[in-house]
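Going down the list, the sequences are from chains X and E.
Those letters in the first sequence? Residues 1 to 170, by my numbering.
Those letters in the second sequence? Residues 171 to 271, by my numbering.
Note that these hints are calculated values from the structure, not bench results.
From a predicted model like this one, the values you see are computed outputs, not experimental measurements.
For each residue, glycine too, the CB sits at the ideal point set by N, CA and C.
Treat the hints with care, as some may be off.
[Claimed, not checked] Pair by pair, the computed Cβ-Cβ distance ranges are:
1) S268/E - A148/X: 27 to 35 Å
2) S111/X - Q259/E: 48 to 56 Å
3) D265/E - T115/X: 48 to 56 Å
4) A148/X - I263/E: 22 to 30 Å
5) S268/E - S111/X: 42 to 50 Å
6) D119/X - Y258/E: 50 to 58 Å
7) D265/E - Y135/X: 43 to 51 Å
8) R256/E - T117/X: 48 to 56 Å
9) S268/E - L109/X: 43 to 51 Å
10) A19/X - R256/E: 27 to 35 Å
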Amino acid sequence: MADAAFLALTVITIGSAIAALELRSLIYGSIALMGTLGGIAGFFFLLDAPFVALFQLAVYVGSIAVLILFTVMLVKRELIFNKIEDKRRKFAGIGLMLIIMVSLGAVFLDSGIKTITTDEPATDFRDIGTDFVTYYWPALILMGLILAGSVTGALVLAKREDVENDQRAS
Amino acid sequence: MTSELVDFTLVSVALLGIGIYGLAVKRNFIRMLFAVEIIINAANLNIVAFGRFLPHSGGQTMALFSIAIAAAEVAVGLSLIIVAYRMYQNVDIADFRSLKG
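In isolation and in its complexed conformation, chain E is listed as follows (with noise of 0.2 Å):
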């Protein structure tokens, strides 16, 4: 292995850059849920590439399970997604207002 643990954790970086841009810019409900995924995925590259190094095999467990409640989290996202779009025909989070109050 030539690649060392810097390395990854500057990717891990830009990654987590992108996605705050995303989570910032963008309006659209489906790319916010997208800038989340790449935000989770930069920490679970993170984590593996420190319990690589380390060495310690809880790096990957603890990727396994973040993996898992992740797909959850997806799971409830997009169901929000489509009830959402339901109530008000559009995916743009500035009309969603029924919370403001």
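This is chain X alone, in the form it adopts within the complex (with noise of 0.2 Å):
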């Protein structure tokens, strides 16, 4: 059975991530969005995976959410306040969630993990580092190479062609 702090960040992810979606302001939705990536991480300590929930802290919380609220100060104010969506929709979309809810979650109520626990010790950080050289170092370098492409790609798209350079320094 769950305990309390299971339930308490059950709560805020899931609440958090309603409130992403429907609050009026993009600005307060971005700010929910980083309580359930926040909450996430909780769930990574509950699975002792210390490791990745401070990876997750610090690339969701501390750089993602802040990107995603830099964006959105530059979005006109009335965008930033507008709620674009029609009310059929909204209904269809709600029946979808609760048939995608219900079914998988009795596929896996039904299913056999629920008799699954482990007595077995958490998984040491330092296996983590071990795999990360020794197994999946061609995808550890080409993880980098990918980021270091994203990233770049998305300066060059961000560029302003129409700005000459004298008028940048002003």
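Make one complex out of these two single chains by using the hints.
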């Protein structure tokens, strides 16, 4: 059975996920998204994965959420507070969400994973480091290249073509 | 540890449902990116939970890879939002029609 910390984290995570999508202001929405990401980091702590939890906090809550917040601030004021959706689509979306939750939840509850428990010690973060530099080193290098390429691509995409260099300085 | 694997998978299913709702209903580009982030985090939670209960160190390693790739995806997505906003002065995806032909 779940304990109190788990229940509190569940409420924080799911509540702020709904708030991130439903709050009128995009700025408050992105702050609520930070709550969701932080809640997931809390789940990682509960799962005895402190290294992944701190990575999640550093990458998601620290950088991605701030990046999203800055992008929201670049958008016009009336677009931040304007909600674009139609009612019929919303009801269809809620129906879809309920169907997915109920069907997948029923599958999980009915399957054998309900009986899985473990008494074994948690994975040491040294094992993760060893994995990274032995078995997964080509993937690690590839990931570094993909990250460098995507950040460079993002910078090239966001560069303004119509501004001259002397205008940029002023 | 008192929580079981099925608890974590149920939270993950709930987050997946919320994310799919956001992708289906919202027409705001930035909110759709929020929904994608929520779905990716649901997947990460599942990966780490299964890695803990099997138990295998591969779960945490995969989660780290997934978080890093998601960071790259967000960087590109946000720059696409900025470019599209500069072209259309809007973030409504129904306005982004130039790829429709």
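Hint check:
{"no.": "1", "hint": "S268/E - A148/X: 27 to 35 Å", "in the structure": "29 Å, holds"}
{"no.": "2", "hint": "S111/X - Q259/E: 48 to 56 Å", "in the structure": "49 Å, holds"}
{"no.": "3", "hint": "D265/E - T115/X: 48 to 56 Å", "in the structure": "51 Å, holds"}
{"no.": "4", "hint": "A148/X - I263/E: 22 to 30 Å", "in the structure": "29 Å, holds"}
{"no.": "5", "hint": "S268/E - S111/X: 42 to 50 Å", "in the structure": "46 Å, holds"}
{"no.": "6", "hint": "D119/X - Y258/E: 50 to 58 Å", "in the structure": "57 Å, holds"}
{"no.": "7", "hint": "D265/E - Y135/X: 43 to 51 Å", "in the structure": "47 Å, holds"}
{"no.": "8", "hint": "R256/E - T117/X: 48 to 56 Å", "in the structure": "53 Å, holds"}
{"no.": "9", "hint": "S268/E - L109/X: 43 to 51 Å", "in the structure": "46 Å, holds"}
{"no.": "10", "hint": "A19/X - R256/E: 27 to 35 Å", "in the structure": "29 Å, holds"}
In summary, the structure agrees with every hint in the numbered list given earlier.
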